[in-house]
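J.: The listed protein sequences derive, respectively, from chains B and G.
For the first sequence, full-length UniProt numbering gives the first residue as 1, with consecutive numbering after it.
For the second sequence, full-length UniProt numbering gives the first residue as 1, with consecutive numbering after it.
Note that these hints are calculated values from the structure, not bench results.
A hint or two may mislead.
Because identical chains cannot be distinguished in the list, a pair is counted as satisfied if it fits within a single copy or across any two copies.
Unchecked claim - Derived EDC-like pairs (lysine to aspartate or glutamate); straight-line CA-CA distance at most 20 Å:
#1 183 x 173
#2 27 x 288
#3 384 x 191
#4 347 x 337
#5 35 x 333
#6 123 x 324
#7 151 x 26
#8 44 x 193
#9 25 x 337
#10 4 x 199
#11 271 x 173
#12 27 x 333
#13 25 x 333
#14 151 x 37
#15 418 x 58
#16 22 x 37
The structure presented is a predicted model; accordingly, all values stated were derived computationally and were not measured.
Protein chains: 2
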Amino acid sequence: MSIKIGLLGFGTVASGMPFLLKENKDKITAASGTKLEIAKVLVKDDDEKKRLLAAGNDFNFVTNVDDILSDDNIAIVVELMGRIEPAKTFITKALEAGKHVVSANKDLIAMHGKELIRLAQDKGVAFYYEAAVAGGIPILRTLANSLTSDKVTRILGVLNGTSNFMMTKMVDEGWTYEAALKKAQELGYAESDPTNDVEGIDAAYKAVILSQFGFGMTIDFDQVVHQGISSITPDDVAMAQQLGYVIKLVGSVEETPSGIFAEVSPTFLPKSHPLASVNDVMNAVFVESIGIGESMYYGPGAGQKPTATSVVADVIRIARRIKDGNVGKRFNEFIRETKIAHPDDVKSHYYFAINTADEKGKMLCLAEIFNSEDISFEQVLQQKANGEQARVVIITHSVSKSQLVNVTEKLQAVADFKLLNTFKVLGE
Amino acid sequence: MSIKIGLLGFGTVASGMPFLLKENKDKITAASGTKLEIAKVLVKDDDEKKRLLAAGNDFNFVTNVDDILSDDNIAIVVELMGRIEPAKTFITKALEAGKHVVSANKDLIAMHGKELIRLAQDKGVAFYYEAAVAGGIPILRTLANSLTSDKVTRILGVLNGTSNFMMTKMVDEGWTYEAALKKAQELGYAESDPTNDVEGIDAAYKAVILSQFGFGMTIDFDQVVHQGISSITPDDVAMAQQLGYVIKLVGSVEETPSGIFAEVSPTFLPKSHPLASVNDVMNAVFVESIGIGESMYYGPGAGQKPTATSVVADVIRIARRIKDGNVGKRFNEFIRETKIAHPDDVKSHYYFAINTADEKGKMLCLAEIFNSEDISFEQVLQQKANGEQARVVIITHSVSKSQLVNVTEKLQAVADFKLLNTFKVLGE
């Protein structure tokens, strides 16, 4: 007997699946307890190019999703189309038809995961999506299976390969944001509209999913604050280096006394921090917890084979659970009431870059503003900027989100100061 | 209903278990599907000190293992005594009594795992040991559950915290081996007899277990070649740095066309390699595979809470499988016929440090010896050593174990050359 799979989509990742299933057949069959077989592949057009890609395989291309949904021989549907629609409709129909579903669609799961998970539960079928976060890194299953004994206090992740590639160029080679983006587009890492990658939206989708597995709470996408890398200047990068830091786009989810807080933002990482040496398109998830303490999971965040490997691991797990008779289990069984942190409880060190007239008394005035919000300095650097301007760079001690809002408003209200940038700083 | 646990030993790790079970009670109970309860703890002497440690807990100390083995209410036995005996006898008896067993005992599992695993299978009980490799890092479960879809080609690991702490001092601060060892002993990282840690024996135990999970093959401990860090000199460290490398004690298991090969040896890692920045007592396992490509799992390799976290994760998994009715499953289900690699197939770049009389023709003679074994140079550095001696440092291109043996013999046969050290070099 074999378990038959219906593939929705035959793009980069999907076309990597036949490779893995063939190349690693014995191990996969043994682990599944049965043969896995791709039976049908949904494509828009059943054209020559796809036939070439599929050469040597036994599956059929279909152009109507019903050919898969109504096929009683297909037990598992793998959705690799991306975007919200028609993926959402197809997954919904597949779950309704009693099929188990594997997806790598982070946008969809972050935006509509709740209802799809509920539907899967109602139907007693599996809905797994390891590949949706950090592609090849098995972070979701690790959080669900191994860190069950532990209590996670914070997750920090370099979750977007495109922006990390760009930040690596900006940090290691002093490139501007614009030059780094151009290179990323030339190499096919960034799309012509790079918004999702560079503005932290893609990483925010992943933070939503990580909050479920790490903290048992389902935060909404809209509740994830996100700030991208487009405002980072070579001056910021140089300042970071001088002060002992590397800037990266970091997604973070943490639990405070009042609840969890998730955000994606450029972050100053101490050079010795394990995330600081995660370069190029690689991803990593750094977990802080009361038991293990600090652990990190590093690997490719995207790409055909890494993503297909995670997808096939999900398929194997479903096949095995079908055999073991416990396939209805949720991918993530850790569920608590969702509570969002109060801004007073969310604290971090911060970097402020401020331009000011190079006149007597400006530093005093600046110190007074920070002091009025009870914010103290950890490092201060004043440099001659161009002309009559001086640049002041401040790394603060711990500051709450409430304090941050207040001090930012006060700084913006003083005409003499120009607040260039504010970024999070990870304390040592 | 609750599941009752019998603890064998109440040392550092064991006394961390009540903390985790209490601190993380809700999550652990939900994941287990039942309450977990330590019922009895086996100790040598039921003394006052232990009573203090155990204050506030409900379990009883016992001094006779039979009080646990014959207690039908105890379903899971957790062995945290270490060493071979009496741990082996106790685990054997526990399995024979139909109890599930969790152990963190790498020595025992590396030396006698095969028979214990077989016994567990015969009895239809679970025998799990996540904590035996790299303490807090969930590497075994990750290999068993997530990399099932992948084919591992090589595993490289910084697997021993004590020696890595020492290497970090030797590399970052230029300490001698002796100074680093003294410090490690002062801090309690190294025992008064540090052999197991510094000679690569402890790491070799872990390589045995990793070979099972990564490659499905059970290599014997005696088949793991191990070389320690005691022969590494400040000169070697300085040379490595000059050539772009960091030296660490690395355990490696790789598959060649003829079979697998495992060894533990000081290894030159390119500075940009993710393992190169794993410092102090931290461990990491770097996995190369056909699907994911490169992934790394980083965390504490020892310590009370990290190790207890891995142990409790195993206990949760067993509790859950008892509930799901599939508790007899092996921890590692990936099994192939064990084949050991032929020395011709095991290849690496190498570092040679050689002293020679500072006379004409010596470099020519050296080049002829390497050339006679078909070994070519990647980097060569000649320096004035003390007095009439010159030091030659060579990084070779790929060399097989057979070539390595031959060239070493030839070098040792020439009275003019003194072969100071030979270490593996990881190619970029």
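J.: Now look at each hint and say whether the structure bears it out.
T.: Against the structure, the hints:
| no. | hint | result |
| --- | --- | --- |
| 1 | 183 x 173 | within (13 Å within a copy, 38 Å between copies) |
| 2 | 27 x 288 | between (33 Å within a copy, 17 Å between copies) |
| 3 | 384 x 191 | neither (38 Å within a copy, 55 Å between copies) |
| 4 | 347 x 337 | neither (22 Å within a copy, 54 Å between copies) |
| 5 | 35 x 333 | between (28 Å within a copy, 16 Å between copies) |
| 6 | 123 x 324 | both (18 Å within a copy, 19 Å between copies) |
| 7 | 151 x 26 | between (37 Å within a copy, 10 Å between copies) |
| 8 | 44 x 193 | neither (23 Å within a copy, 68 Å between copies) |
| 9 | 25 x 337 | between (42 Å within a copy, 16 Å between copies) |
| 10 | 4 x 199 | neither (39 Å within a copy, 51 Å between copies) |
| 11 | 271 x 173 | both (16 Å within a copy, 17 Å between copies) |
| 12 | 27 x 333 | between (27 Å within a copy, 10 Å between copies) |
| 13 | 25 x 333 | between (30 Å within a copy, 15 Å between copies) |
| 14 | 151 x 37 | between (39 Å within a copy, 18 Å between copies) |
| 15 | 418 x 58 | neither (64 Å within a copy, 62 Å between copies) |
| 16 | 22 x 37 | within (10 Å within a copy, 45 Å between copies) |
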